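Chains as they are written, first to last, in the working numbering: chain B, 1 to 317; chain F, 318 to 696; chain V, 697 to 1075.
Some clues are possibly wrong.
When the alpha-carbon atoms are kept at most 16 angstroms apart in a straight line, the in silico EDC-like pairs for lysine to aspartate or glutamate are as follows [unchecked claim]:
1. B/LYS167 / B/GLU29
2. V/LYS1029 / F/ASP652
3. F/LYS514 / B/GLU267
4. F/LYS553 / V/ASP1063
5. B/LYS292 / B/GLU29
Chain V is nowhere near these chain F residues, computed Cβ spacing over 10 angstroms in every case [stated by the list, open to error]:
6. ASN440
7. ASN484
8. GLY590
9. ASN606
Pairwise CB distance ranges, derived in the manner of DEER restraints [unchecked claim]:
10. F/ILE574 / B/LYS246: 40 to 46 angstroms
11. B/GLN234 / V/GLY982: 33 to 39 angstroms
12. V/SER863 / B/PHE169: 39 to 45 angstroms
13. B/VAL299 / F/ARG485: 23 to 29 angstroms
14. F/ARG485 / B/GLN30: 45 to 51 angstroms
15. B/GLY303 / F/LYS588: 52 to 58 angstroms
Hint data in this document are derived by calculation from the structure and do not stem from the laboratory.
A quick note: this is a predicted structure, and the numbers were derived from the prediction, not measured.
Where is the CB? At the ideal position from N, CA and C, for every residue including glycine.
If you want the building blocks of each chain, they are given just below.
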Amino acid sequence: MEIKRRDFLKMAAGTSLFLATGAPAMAREQKSLPPEAVGMLYDSTVCIGCRACQPACKQANDMPVEHSTPDSVWDDPIDLSAKTLNIIKVYTTGRGINKDSETDGYSFIKRHCMHCVDPACVSACPVSALKKNQQTGVVSYNKDACIGCRYCQLACPYNIPKFEFDKTFPQIRKCQLCEHRFKDNKFSACCEVCPTGASIFGKVADLQAEAKKRLTLKPGEYYKYPVAHVKSGQVSYRPVAKYQPKVYGEKDGGGSQILMLAAVSFEKLGMPALDEASDASFSENIQHTVYKGMIGPGVLLAGLLFAAYKSTNKKDE
Amino acid sequence: MNEESKPLGGKILTKPFLVCAFFAAIAAVLLVKRFIYGIGAVSNLSDGYPWGIWIAYDVVTGTAIACGGYSMALLVYIFNKGEYHPLVKPALLASMFGYTLAGFSVMFDIGRYWQAYNLVLPNYMQFNSVMFEVAMCVSLYIGILWMEFSPTLADWIKAKGLQKMLNRVMFIFIAIGVLLPTMHQSSLGSLLLLAGKKVSPLWHTGFLPLLFLISAITMGYAIVIFESIVSSVGFKREIETPILSKVAGFIPILIGIYLVVRFADIIIRGKIGLIFAFDLKAVMFIIENILYVIPLVILASPGNRVKTRQLFIAAGTLLLAGSVYRFNAFLIGFDPGAGWQYFPSFSEIMITLGVIASEIMAYMIFVKKMPVLPSMRHA
Amino acid sequence: MKLEEVTDSSPISGVSRRDFLKFCSMMAAAMGLPGMGAQIAEAVTVQKRPPVLWLSAQECTGCTESLLRTNHPSLERLILELISLEYHETLLVGSGKQAEEWREKSMQENKGKYILVVDGSIPVKDNGIYCKIGGKTALTLLEEMASQAAAVIAIGSCASWGGIPASDPNPTGATAVHEIFKSKGIKTPCVNIPGCPPNPYNFLSTVLYFLTFKKLPELDEQARPKFAYGRLIHENCERRPHFDAGRFALQFGDDGHRKGYCLYKLGCKGPETFNNCPIQLFNDVGSGAWPVGTGGPCFGCSEMGIGFTKPIHSPASPKYFTPPSILPRIDEKRGHGLTIAGVAVAAGIAGAALGAGAVTAKKLGKDDEEQGKSGSREK
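Here chain B stands alone, though its shape is the one from the complex (with noise of 0.2 angstroms):
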């Protein structure tokens, strides 16, 4: 049967009405860090608990109090939740009585967003609610844009993004690295409060080289460790932990502007163990060879179009 002119012409203005709405697409790399990325340097053996961090936080972010005894007495999450964005948690084994040790032993760990080089939560979100800042690096939240579909939710490896599932009117939560703070100088409220330097602010390049130096000092010898943040001048003078040979974050998922460093093994402090290569890339690849250009999908169509404008004609003949 042949096509006429006219007929074309509606198919091929069906396909390209298509190609409009589809996805510009094209094969894409594994993310790298941005040029003036900002993060953490949390290391857990430096940490005492004391969770100065938590209100802090709370105050800086104009956060609400979460009780989770009946009591109703203290501001007791138990985990980050849309009420509380940044905590610290234990882990115990045995008798838990030596820090930082495996056996009998304890070490905390604050959980936060890793602000994510290649985050999951950005590439699943469909209305850009979840951008990465181009310089700093920081994964911020638009609540005029957010739907409410909850996909960062399920995308976030590390379980960050926090719904109000008690709201009416509810939106995401999640740490934003206290950027609202930048302009007027300050850093991160929670490393601003840190007492030993556990959680220091700092550029990520500078964090690394941190991170890299701490792994390589002899245990039990003293070390100046950076108070608050990785240039402030103050330190805290102690002696230095055994780490395990790992900076997390710095591949971990595709790699984190959140960097830490640990005595216990990471899974153990409840952090996923993740390839080098971030989730987003991998679902991005392969959604974008699927749709490369539309032209798949396009030439789909031309094929439905053409099929089914003739069995339907000659039906009608």
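Given the structure of chain B, go ahead and fit chains F and V onto it with the hints provided.
Leaving out everything else, chains F and V in the frame of chain B:
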């Protein structure tokens, strides 16, 4: 046009209809509660399990079950098998309701529904998001389904001119109506790619889109058979066994391809050992695949394909298999970390039940009032 | 009185220069003014002793009694050397007409310069007839005396916010001093030193601050000096670590009570009461000399809406929440698991679906057989 289908007639307020209405009413009340007190007030969703049965069933499984229209359109219009035409309209109708209600379910599942239009605002569109693709495709497809069904509506309101015009451009809608499910049924699987390590390796694979697509098509054929038999029994009509057996003939081939991909992938990735852990995940994996093997075995023999009972059992098991696969991938195989747990709450299940009930109610009304079901042929 | 004069041990006070400066430094420390001791000493020695008039309304003399028990300075030093106490019903040598005449004379002579201290609440019901002194109601006296004072200090909870006399049903219409000021348009600055009784040093420090700097100390929104009422009792409590660790006395005399655990569960109002009791202590006898220190839960005597209002043993509503010293584990149970209703309805649906499927299949089987029979018969 109307020779092969006509309205069923009969009264609307039958007993099954009222039972459905009862469940729909309960769901409506619970939904009011959800919109006042938030999602947490009626569901067991949590930050660890942000997606529960509303997504796993209403959207992911629901649209797969609603693939009848897609599968039949593929067969009739694309592979030009006109003899199946009588099955197209009822399949289309079921798809229309399945997808429409999936779209409706999404509106109460998403937290900030009043901003849903952000999906179509150019400054917010995020083309790398699988969710964006799914959302756009599904919503477009809902529109397409209604367009595909529109000649029947036009016929019902006796708008002959409109019906003729619609029929002339119908091929465009049919073509798009095949493309869109191909895209989004695979993408429903792709949604899980991003969840990475949180999804058990038994389900997390780069082949998720392909597996979801094939299984959706098989479910499409299964639902056509299933629905045809059930509505025949329900409305006391003669069963279209001969034509159904022909449709059933495609199923074993598709299941075969599916199972080869499924197992080859797991074995090549070296994860087959996980089955022998015999934990919940492993057991569910085994159940899921047994459910796939049953219809494969039944329908592989042409003798079984002419028996209504065998067709019914095979179609039912296949639907179950596809549903279990989706539940497994989205809920059982999904593990956000130690300590997290999820089981749907009473209200949550009742809402889903209400959605299904309203779907059945709408189907009953439409087939009784509009020319949908094939007219009775004399044996 | 000159500073030098203090050097000679006065027979009345028996205070050496060294002791005097020590006292002034202590006062300065109490007000958070380190290094200001000398300036305070200068202020209280160089100037003419400031006249103070003390008006007692509906009160119990507890505030005066509390003041009598200070030893740095001792009361006699206070009233004979530091201030010139012109009028005070309890301490005045004269009485009756003589006393009232002196009050009026003093008010005239020191118009706009004297400090007025008020203890007790002012009854306003029935024109204030429930408290009269020398034939005048307390209300009239307050109006007269306050309007000509340099500053007013409302000492005790009664004067500050109503105290016991104002508690429900408040038969006399007992009203706080600053509220009378508001209704009568009196503009004289007013400081509240609530407490039942208040710590005398909070009063003395306020007086000395006024003498030294010619202004009132920094006040909070309830007109209380911030140096004394800036922090919750809870924040300076020696039992705080027990609170943070979740170690509570549950009954008077129980094991926890004897071990000095936190008294929160016995109704301690420390978490909602602003005062400096834990650091200022009472009676100058050393550590532990304050209610909580002796095992008695704070009842919030100084806090409006708490003391004499909230039941003594009902738990406080903390003003600020902080994390406890117990940390959450890595794998705390989170999310929502199985519930009876959820499982029941899920099982019900599964059962119903399987049952309906089985029944249909059985029925179809029969149909098949019948068809088969009729088919063969036809052959």
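Against the structure, the hints:
At most 16 angstroms may separate the alpha-carbon atoms for a hinted pair to count; B/LYS167 and B/GLU29 exceed this at roughly 39 angstroms. Note on V/LYS1029 and F/ASP652: the hinted pairing holds, with a Cα-Cα distance of about 13 angstroms set against a maximum of 16 angstroms. Between F/LYS514 and B/GLU267 the alpha-carbon distance is near 13 angstroms, which keeps this suggested pair within the 16 angstroms criterion. Of the supplied pair hints, the one linking F/LYS553 and V/ASP1063 holds, its CA atoms being roughly 12 angstroms apart against a limit of 16 angstroms.
A threshold of 16 angstroms between alpha carbons decides the hint, and for B/LYS292 with B/GLU29 the separation of about 15 angstroms falls inside it, so the pair holds. Under the 10 angstroms C-beta cut-off, the non-interface status given to F/ASN440 relative to chain V holds; the minimum distance is some 35 angstroms. With a least CB separation of 36 angstroms from chain V, F/ASN484 remains clear of the 10 angstroms interface cut-off, as annotated. Here F/GLY590 stays apart from chain V, with its beta-carbon at least about 25 angstroms from theirs, past the 10 angstroms limit.
Even its closest Cβ contact with chain V, about 19 angstroms, leaves F/ASN606 beyond 10 angstroms, as expected for a residue assigned away from the interface. For the hinted restraint 40 to 46 angstroms between F/ILE574 and B/LYS246, the CB-CB distance of approximately 43 angstroms keeps it satisfied. Between B/GLN234 and V/GLY982 the beta carbon distance is about 37 angstroms. The supplied range of 33 to 39 angstroms therefore holds. The hinted window of 39 to 45 angstroms between V/SER863 and B/PHE169 holds, with their beta carbons roughly 41 angstroms apart.
Restraint check, B/VAL299 to F/ARG485: a C-beta distance of roughly 25 angstroms satisfies the suggested window 23 to 29 angstroms. In this structure the hint that F/ARG485 and B/GLN30 lie 45 to 51 angstroms apart at CB holds, the actual value being about 50 angstroms. In this structure the hint that B/GLY303 and F/LYS588 lie 52 to 58 angstroms apart at CB is violated, the actual value being about 36 angstroms.
Hints 1, 15 from the list above are not met by this structure, while the remaining hints are.
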